[in-house]
Structure formats: C-alpha cells, structure tokens
Amino acid sequence: MLYTALSSLISHWRRRPGQLTMLAIGLALATALWSGVQAINAEARAAYDRAAATLGQDQLSRLVSATGRPVPTEDFIALRNAGYLVSPVISGELRDGNGRLRLLGIDPLTAPAAAQGPALDTEVDLAAFFTEPGLLLVDEATANGPLPDGIPPVVVSDGVPPAAAITDISTAARLLGQTDPSYLLVAPTQPFGLPPIAGATDLRIVAPNEANDISRLTDSFHLNLTAFGLLSFGVGLFIVNAAIGLAFEQRRATIRTLRALGTPLRTILLALGLELALIAIVAGLIGILLGYLIAAALMPGVAGTLRGLYGAEIEGVLAFSPYWALSALFITLLGAAAAAVQAMIRTAKMSLLAPAMPRAWAQASRRAITLQAAVAIVLFVVAAGLALFGQGLIAAFACLAALLIGAALTLPALMIIALKFIPGRTAFGEWVLADTRQQIPGLSLALMALLLALSANIGVSTMVGSFRTTFVGWLDQRLASELYVTASDPTEAALLMDAIRPDVDAILPIVSAELTLFDQPAEVFGVIDHPTYRQAWPLLAEDENPWDAVATGNAALINEQLARRENLSPGDILPLAGGLPIVGIYSDYGNPIGQAIISLGRFSETFPNVQPSRFAIRIDPSEAPAMASRLREEFGLPAEAVTNQDQVKAFSIAVFDQTFRVTGALNILTLGVAGIALLTSLLTLASLRLPQLAPLWAIGTTRARLAWVELARSLGLAVLTFLFALPVGLVLAWILLALVNVEAFGWRLPLSLFPGDWVRLFGLALLAAGLAALGPAVRLARMPPARLTQIFAQER
Amino acid sequence: MARGDRKAGCYICCMTDPLLDLRDIHKSYADTPVLSGVSLSMQAGETLALTGESGSGKSTLLHLAGGLDQPDSGAILLQGHDIAAMDDAARAEARRNRVGLIFQQFNLVPSLTVAANVALQARLAGRHDPAFCETLAQRLGLSDLLARYPEQLSGGQQQRVAIARALAPRPALILADEPTGNLDEETGDVVLSLLLDLVADTGAGLLMVTHSQRLASRLSRRIHLSRGVLVRE
Chain A
4 MLYTALSSLI SHWRRRPGQL TMLAIGLALA TALWSGVQAI NAEARAAYDR AAATLGQDQL
64 SRLVSATGRP VPTEDFIALR NAGYLVSPVI SGELRDGNGR LRLLGIDPLT APAAAQGPAL
124 DTEVDLAAFF TEPGLLLVDE ATANGPLPDG IPPVVVSDGV PPAAAITDIS TAARLLGQTD
184 PSYLLVAPTQ PFGLPPIAGA TDLRIVAPNE ANDISRLTDS FHLNLTAFGL LSFGVGLFIV
244 NAAIGLAFEQ RRATIRTLRA LGTPLRTILL ALGLELALIA IVAGLIGILL GYLIAAALMP
304 GVAGTLRGLY GAEIEGVLAF SPYWALSALF ITLLGAAAAA VQAMIRTAKM SLLAPAMPRA
364 WAQASRRAIT LQAAVAIVLF VVAAGLALFG QGLIAAFACL AALLIGAALT LPALMIIALK
424 FIPGRTAFGE WVLADTRQQI PGLSLALMAL LLALSANIGV STMVGSFRTT FVGWLDQRLA
484 SELYVTASDP TEAALLMDAI RPDVDAILPI VSAELTLFDQ PAEVFGVIDH PTYRQAWPLL
544 AEDENPWDAV ATGNAALINE QLARRENLSP GDILPLAGGL PIVGIYSDYG NPIGQAIISL
604 GRFSETFPNV QPSRFAIRID PSEAPAMASR LREEFGLPAE AVTNQDQVKA FSIAVFDQTF
664 RVTGALNILT LGVAGIALLT SLLTLASLRL PQLAPLWAIG TTRARLAWVE LARSLGLAVL
724 TFLFALPVGL VLAWILLALV NVEAFGWRLP LSLFPGDWVR LFGLALLAAG LAALGPAVRL
784 ARMPPARLTQ IFAQER
Chain B
62 MARGDRKAGC YICCMTDPLL DLRDIHKSYA DTPVLSGVSL SMQAGETLAL TGESGSGKST
122 LLHLAGGLDQ PDSGAILLQG HDIAAMDDAA RAEARRNRVG LIFQQFNLVP SLTVAANVAL
182 QARLAGRHDP AFCETLAQRL GLSDLLARYP EQLSGGQQQR VAIARALAPR PALILADEPT
242 GNLDEETGDV VLSLLLDLVA DTGAGLLMVT HSQRLASRLS RRIHLSRGVL VRE
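Sequence order for the protein chains is A and B.
Under the working numbering, the residues of the first sequence are numbered 4 to 799, in order.
Under the working numbering, the residues of the second sequence are numbered 62 to 294, in order.
Some hints could be false.
Each computed SDA-like pair below joins lysine to any residue, with the alpha-carbon atoms no more than 20 angstroms apart [unchecked claim]: (1) A:LYS352 <-> B:HIS124; (2) A:LYS652 <-> A:ALA483; (3) A:LYS352 <-> B:ASP148.
To be clear, the hints were calculated from the coordinates, so they are not data collected in a lab.
These numbers come from a predicted model, not from an experiment.
Modelling step: build the complete structure from the supplied sequences, incorporating the hints.
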C-alpha cells in the first residue's frame, strides 16, 4: 500500500519536471551555499588545529620572559642545572622579496615528546637536520610555494602548519640572528622531588594554547561566513517551501482521492515524507558537489582574507571529507523537513471532503500578516536592546539577526499599506492594485527572501565600502615616505644608509619585534623622532605632546585593537620594557594583532639583538625614481627590495580587496538564490492564478495586456522591496561597523554612503525580478485561448 | 457486532446480515441539520437509487455510508461492522477493502495513466488482479486508452475509468455519487448500463445518488430523501 501511495504521489513529478527541477535547485543551492561555507570553515579550523599542535603547543606549557623579550640563555641553563625538563625554542619570521616563512627552531635532544610529534618522524635525516646548513621541515604546499632566498634545503613533512618551517635550534639561531631562546617548552612531567617550576624562575608560565590561539582570533570571520551561509540556506529554503507548497496544492485532489480509496492518513504522510527524503537526498548530493566546487573556488580568497586580516595561514586548497558530505546531507534533509512542515500539517488537517479546487495556496489571512508585524515589532525592540546594551560578538550577530528577521516579517504588511496609497485611476488599475494586494501573501516568502538578500547586499557593501574609503585615506596619510628599502641583512642596511644619507631628507628605520602583551601575540616598533610621524599618524586619543613623550623613550603609543581589547586609554601603563605609560592610540586597520610604538633607543635597549634591515626614505618626490634606480644599480638590490609609496599602496589595497572578495561572491550568490526564489513563487502563482485571469480575458482584456501587467507587477513589487531594503541595509551596515567590527576586529569605522552602489543593486534587483517574471508572463501572453476557456469548464 | 469494536478486524459476516444498514442517522453542519434520523438497509447484490432535491442530504448520506464522514449519532453497519464507531485508520481500511467509490467529478489521479488509475485501489487493497483489470478495461471500452492520461480523455471515458477503478478490488458495496451528472444523456445511459452490468456480474451492492428519476428507475429499488428525512421507499 505504501509503495502504491508513494508511486501515485511521485508520478506527479513525472508530469511536471520543471517544478521538480525548481525544488531540486532550491535544495541543491541551499545545501551548496551552506555546506560550502562549512567546508571552508572546517578546512580553516583543521589548519588552526595543526598550527596549535605544532611543537605540542596544545599540550605543553611554555616559559616566556615577563618583558616580552627573548629568554636569557642563562635562565635556561639555570633551570636545566636545577633538573627541570625544559627545552629552548627560537621562533621568528624570515621574509624577503620572494616570500616569507615562520621559523621554529627546536632542540630535539631536550624537547618533550609532544613537541616532536608530527614533525620529526623517522623519514627525516637527523644528521642533516643537526649539521650545517641544516634542514627545514615544511608541509607540501609551503614547499611548493614561494620561499625566501638563501634558506637551507627543505624536506616535506606532515603536520607542519602552512607557511611555517621546523628546524634545529642552531639553524634557526643562524638564520634569525638570535641566540637567546624565544621561549622554553616545559615537559608535562618533571622529575620527582623538584618544587613547582613557577617558583624556580622569574619567567612567566603560559598555559598550553593560551598564547597563540589563532582559532579564537578568527572566530569572528568564521561566524561571519556562517551567518552568510545560514542566510543563503534560509533563502534557498524559501524556494523549497514554495515548490512544496505548490505541489501540495496541485496534489490536494490526488491526496483526497487516495484517502477516499482507503489509504490511511499516516500512510500518505509517510509516503510524502519518503518522497521528500528521496528528492532531498538526490538534490543534496548535487548540492554537496556544488558546495565543494564553490568552496574550492572561494578557498584561495578565504586564505587571502585570513592572512590579510589575522595573519592566519591556511592552505588555499580544499580536501574532501566524507564526514562533511554526510553532515551536509543531514542538513539538507533537516532543511527540507523544515520547509515541508507547513504542507505536511495542511495535509494532516485536510478534510477528506474538502473541495478539490486549488485555492490560492499561500493566501495567508490578514490576521496572520498582522501577527507577523507584531512579532516584527518585538524583534525590533530586541535588536535595539542588543545594540544598546549587548556585549560580545554573539550579541552583535543576534542584533543583526533580529533586525533582518523583523524586517522580513514586516514586509507583507508594509506592502499592503503602501499599495493602499497608490491610486487606481481606472477600473482596470483598481483591479490590478486589488489583485496585487491579494497576491502579496502568496509572494511574501519570495519577497522576504529578496529583501534579505538586498539588505544584506546593501549592508555588507556599505560596510566594505566604508572600510575601503577609511583604509585608503588612512594609507594616504600613513604611507608618507617616498621609498621603502629592504636590505638582505642589518650590515648591508647600515652600509646602504650611510651611502645615501647625504642625498636624502631623512632615513626612518623600520624595526620591530614580536612579543607577548597581555598574554596575546603582539609586535612593537622602534621609531626615531621625526616630523613624518607627527604628521602622518593621526591619533584617535592622546595625551599632551605624545610624540615628544615617545621620543624621550619613556612612553608608548598603542594601536586601536590593543586599546579596545584590553580597555586601555592614555595614562594606562603598558607592560613593556619595564612598564611604559601610554600617551596615544592610533588607528591601525587591517592588523590582526596588538601593536606598540616606542622610541628607537628604548627599542634597542629592550631588543638588543634586533637590528633594522628595512628603512623608509624621505626624499623630494621628484627625485625618488632616480634614487630607486641608484639603489638597484649601484648596490645591486633586487627590484622588489626597493618599492615606492604607490607600489606599497597598490599592494595594500590589493590585499584589502582580496580580503573582501569572498564576501562579495557570497553576496552575489545570495542575490541569485533570491531571484530563483522569486521565480519559483511566480511560477507557482502563475499556475494557480488562471481562474482569476480568465474572466478578465473573457470580458475583453488581451492576453498580452495581462502579461504586461504581470511583468509590471513583479517589477513594482521589486521596487517596493528595494525601497524597504535600503534603510534596513543601512541599519545593518551601522551594526556591522559599530558593533560587529569593534567586537571582531577591534576597530570602529565611520559610515560612508555609496549611492552609486545602490543604483547598481537596484538595477540588479529589477533584473532579477524581471527575469523571474518574464517566463510566466510570456507563457500567459502565448497561452492558447482553449486553455483559458477550460477554466470555465473545470471544477473550481 | 458491538459498536465499541473500533478496529475493522476480521470481517466475518452472517449471510442474513444486510450489506449496509444505516440506523437512525443524524448529521448536522454548523447547527444546520442535514440528516434527521435516517434509517435504511440494503442487501448484497441489490441496486438502490437515492434521489432528492439539491441540499436534501443525498451526498452526505453517501459519504457517511462510505466512511468518508462520521454521523453525529446513529450506526452504520457495513457487512455487520459499525464503521461509525471506527477510528480513522479502521474506516480507511474498510473503504479500501469493502467499498468502491464513484464520484461525479471522476477524481482520477491526473499524473497516473488510465491503466494505473484502474489498478490503483486494487493495489492499495493488496488485491490487484491484472487479468480482472484487463477484463474490466475491455468491457468498459478502455483497452486502447490504457497508456493515456486522464486529461487526454473525454468526460465519459474518465467516468468509465472511475467505474473500473471502483470495481477492480471487487468491493462488496459500490457507492456512486451522480456518476452520470457530468455526462450527456446518451453517454450517461451507456455508462450506467455498463455499471449495472458489472455490478450484477460481481455481485456487489450499488447505492447510487442521482437527480434523474429516469436513471433511478433502472435500479432495483428507489428511495427519496427530502430535507434530511427519508420520505418514500
């Protein structure tokens, strides 16, 4: 009996392959966008886990210097002599014009077992590892990518994080020019009878993973991606809901007949469920394939974003995981079930003697629309409350969700109200308006999907645009120097600078060191006292004469990220170089970590081993090209070692644009899905609306005119939706800039408006609505009269 | 049989039991009485015409007899089992196994071919007999139409498919709600003749609702319903 009922119901799709395709497209798109985003997140998290597991960071405590400087070798020796099992690590970054590599130098003889884990396996030639020139263990992608010049031979080894290399401590010391360990690894089990290590040294203990938890830093980015994936999934489910709703109405008579012929309701519901599961599995598999392709296409962009925003290294390629595919399929089934709940409930409640005519299936009552509007008001209040009093990234995203859902729920009521204010003028015009009002409940889901896509588009593009405007303006100020020079080492740098000093206005050394501030990775820069900084570094907050104070060596400036994260303001003490008062806060867009600026003198005292090899050169702009040529020709510097201001700006802006390429792609995909949702709903209504249109045709309105009305109506509704989406999108942008950005990245940006983008989006919305309405309208214009006359003969 | 027997269970009926026995049936819709104390019974093999003006309750009575609806009070014994006291699933089982329904609107499944429509109820009941379906199709003149879909058939042809579908599981009772109401007189006569012939051949009972006294006169017994009350038999 179940098979017979199922085959009777499934036969419906054989006769309507277009409708089945729509349903499958909706499910496949929803699955694709959701699972694609999940695949990207999973891949990135796996990379973070690999990075976290490097040298057993996820299991081993570390000892670091309280000042953020390297650990004195004497401290290490003292601890070893006392019997403690600690092992030195030298870490740092190798960078030149060709590439960059994070070096981790370990001492395999003293390193705890957990620290040697995946890197030092049996295939590594230990003799070569220990002796000059040494070996660098890297992962396959890093080995095949661009690497700095002059490094020892590389060997591919599993388990090394991307863009990093593990080597012997002596090799790292030689390459980085650093003799003291950056930190000491502490074995989990210490010899019996020794007092706790914390009491035996002045060094500070850092718990496993506390210091370098990149996954926590990037949570906001992944939450952002997940939010987009969820939005697309929801919009895709609107399509599924519309297609299932239509199928239910079309099969109402069949279901009634099956029940009249003795099929129990339970069997019919079971058959409907099985049918949906079957379709969902097939569409889900297509969606998984699409999702994989989308994720693979977006992955390089995501890798660029993570590198640009957070300094997190992930590989730009995607691995296929059966677990991911299965979970995506499960989500598809869950989504299909959610989209089908309404139709299932209707089937269960349908009276056996209900009339078989296909009524306007989605014709929600006025009461339902009023209820929706009331729920929306509550959501707006919740959003306002979260915006004013909420704290943390989750609250910011909840605020965003409440706003979007509230706006979507208000849309039908607002549309009906707006249509009441449009005058009909003629009898036909009045009919068009009345008919449009009647159609709004049926189209409301698709219009809500369009509203969500448009609002998200306006909001995100305003946020990205505001960010870009601010960023470019900030770069113009910050990149004041005419030339930037990178020497191969500090010695060459000193020779170069001495040679050109008489011919330039100023030479500004660029020198920095990595350290830990407030248990988070950070960097500190040493600067000389020069007007360039006073003019080019606008401060967000400052004490009196901050640059003078920095020049004395007894004060520090910090970036906005560090200030917001640690709630620091001028006057507070920065735990660096024995404690320096903060005298100013500067904006530092795009930097993932905390940063401080101190005087070059104080820097050299604190980090005596770090010598500058990069310089910014102030020179008359007209002489900059000649100086660049001289540096290249006279000193044999490679082309990439001398860059001018424009090149640096272009590079920075390219990194910025790459950073938001993924967001742009998801934006367009979501809009595309919303367009398909609109098409599905219009197709649905077109087949159900003939009884309303046939009488108009019969009394003298041509099919062509009716078709034009259908097309114009869709465009009109798209215009109304866009007009409503605009303020929603701007509020969304404000939430992103003022709440999400501050929580996620640590900086707040001014809101800029981009009317040109709105016009482009308006055009896209009209195009989507026009394309969606075109098919049904053309079909109506070409409909044979016999089909329309059938309406009068058919059961209604 | 006990009224409290909610499950269809085993249908062993005595030869003396009527095929259908309606006892003091009352039914109202929104406080408007539609049937007021209707009682009637019919035997296996009997053909009974139910006539009455529009709104007299004919279709309601037919729906109750077929277990499509439940009375407010009274008993409906189908082969001795009170289907009025059964739950939804049991009534569905009774319909599937005991009743063949023919509607004025045909109610064929539009996405199934004629052949699949004819076999539908028999397959649902687990009693599909391809040879018998073929015989029915032949006798109803559907042999050449089996691969077509309902929308490709005339009204008369669709009603013949509906009759074949109702007879295919060999039900004990055929309930027909104005089966010729959508057909012209000539086609209606042909369809009714076929129906009566087949009912006689299968030994089923037939309860047919009709407006037409002329058609009603062709059945073995006639009853008339007026304002929810049986007025003459």
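Which hints, by number, does the structure contradict? Structure breaks no hint.
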